[in-house]
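Student: For reference, the chains in residue letters:
Protein chains: 2
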Amino acid sequence: MKKGMIKVSVLYPNAKGKNFDIDYYCNQHVSMVAGLLGDAIKGATVEKGLGGGAPGSMATFAAMGNLYFESMDSFQNSFGPNAEQIMADLPNFTNIEPVIQISEVMV
Amino acid sequence: MKKGMIKVSVLYPNAKGKNFDIDYYCNQHVSMVAGLLGDAIKGATVEKGLGGGAPGSMATFAAMGNLYFESMDSFQNSFGPNAEQIMADLPNFTNIEPVIQISEVMV
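Note that the protein sequences, when read in sequence, are chains A and B.
Quick note on numbering: the numbering used here labels position 96 of the first sequence as 96, and the sequence is numbered without any gaps.
With positions in the second sequence counted from 1, the corresponding number in the numbering used here is that position plus 107.
Honestly, I wouldn't trust all of these hints.
Straight-line Cα separation of at most 20 Å, EDC-like style, residue types lysine to aspartate or glutamate; simulated pairs [said to hold, decoys possible]:
1. A:Lys18 to B:Glu211
2. A:Lys48 to B:Asp128
3. A:Lys16 to A:Glu104
4. A:Lys3 to B:Glu204
5. B:Lys155 to B:Glu191
6. A:Lys2 to A:Asp73
7. B:Lys110 to B:Glu211
8. A:Lys18 to A:Glu97
9. B:Lys110 to B:Asp146
10. A:Lys2 to B:Asp130
11. B:Lys155 to A:Asp39
12. B:Lys109 to A:Glu97
13. A:Lys42 to A:Glu97
14. B:Lys155 to A:Asp23
15. B:Lys155 to A:Asp21
16. A:Lys48 to B:Glu177
17. A:Lys3 to B:Glu211
18. A:Lys3 to A:Glu97
19. A:Lys16 to A:Glu97
20. B:Lys110 to A:Glu70
21. A:Lys2 to A:Glu84
22. A:Lys2 to A:Glu97
23. B:Lys125 to A:Glu104
24. A:Lys48 to B:Glu211
25. B:Lys110 to A:Asp23
26. B:Lys109 to B:Asp180
27. A:Lys42 to A:Asp21
It is worth saying that the hints were derived from the structure and are not from the lab.
Computed from a predicted model, the values in this text were never measured in an experiment.
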């Protein structure tokens, strides 16, 4: 992605009793979001947590999803009107409340 | 990045009294790490935190750095011998203790 783009990360903190269906997320949720937001999305990535810094430790995040936009306006204008529908899909793949991080791409 | 690659994320949690020199990080630290790990690194990205999900909220992470490797072995064999030198550079740009997340690239 290009410097200056907006990266929106959706991070799913791991904990005992939490679950996350990575197959549903990759195959259903991501394509639903892509369909709703359309051309505003300039890139999307998904990662599955494997572990933390200490050997054998649990990953801080069960999964991370990242969307890239040209600008903050583009993110807000495309995501805002679809936020409710997107959030309503979460119980279909997880009982985790995600952390949202909005960042600027530097490198 | 390709499915199956290993993504190592270094996340710097934001809080009052914490500081992070994004210029030093982008211009000095990243190139130092790249020089030490060499060809093992298949990609590197840096993002600066702008905000959280709620309007006007502080970003959970002041910054995020991500390195991509072909495999867990490649990460461990290249990072392990250089970990001490890399960690010793942290006080030059931040007083934050980072969170390390090791992930598998899915999408």
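Student: Hint check: B:Lys110 vs A:Asp23, CA-CA at most 20 Å. Holds or violated?
Tutor: holds, 14 Å
Student: Tell me if the straight-line CA distance from A:Lys2 to A:Glu97 falls inside 20 Å.
Tutor: With a Cα-Cα distance of about 29 Å, the restraint between A:Lys2 and A:Glu97 is violated, given a limit of 20 Å.
Student: A:Lys16 and A:Glu97 were given as a pair; does the straight-line alpha-carbon distance stay at or below 20 Å?
Tutor: Distance of about 14 Å is within 20 Å: holds.
Student: Are B:Lys155 and A:Asp23 close enough, with their CA atoms no more than 20 Å apart?
Tutor: With a Cα-Cα distance of about 30 Å, the restraint between B:Lys155 and A:Asp23 is violated, given a limit of 20 Å.
Student: Compare the distance between the alpha carbons of B:Lys155 and A:Asp39 with 20 Å, and conclude whether the hinted pair is satisfied.
Tutor: Violated, at about 24 Å.
Student: Please work out if A:Lys48 and B:Asp128 have their alpha carbons no farther apart than 20 Å.
Tutor: violated, 29 Å
Student: With the threshold set at 20 Å, check whether the alpha-carbon distance from B:Lys110 to A:Glu70 stays at or below it.
Tutor: violated, 24 Å
Student: CA of A:Lys18 to CA of A:Glu97, is that 20 Å or under?
Tutor: Holds, at roughly 10 Å.
Student: Regarding the pair A:Lys3 and A:Glu97, is the alpha-carbon distance no greater than 20 Å?
Tutor: violated, 29 Å
Student: Verify the proposed pairing of B:Lys155 with A:Asp21, using a straight-line Cα cut of 20 Å.
Tutor: Distance ~29 Å between B:Lys155 and A:Asp21 Cα, so the pair is violated.
Student: Given the hinted pair B:Lys125 and A:Glu104, is their alpha-carbon gap at most 20 Å?
Tutor: holds, 19 Å
Student: For the pair supplied as a hint, A:Lys42 and A:Glu97, confirm whether the alpha-carbon distance does not exceed 20 Å.
Tutor: violated, 25 Å
In the structure shown, a violation is registered for the earlier hints numbered 2, 3, 4, 5, 11, 12, 13, 14, 15, 17, 18, 20, 21, 22 and 27, in ascending order.
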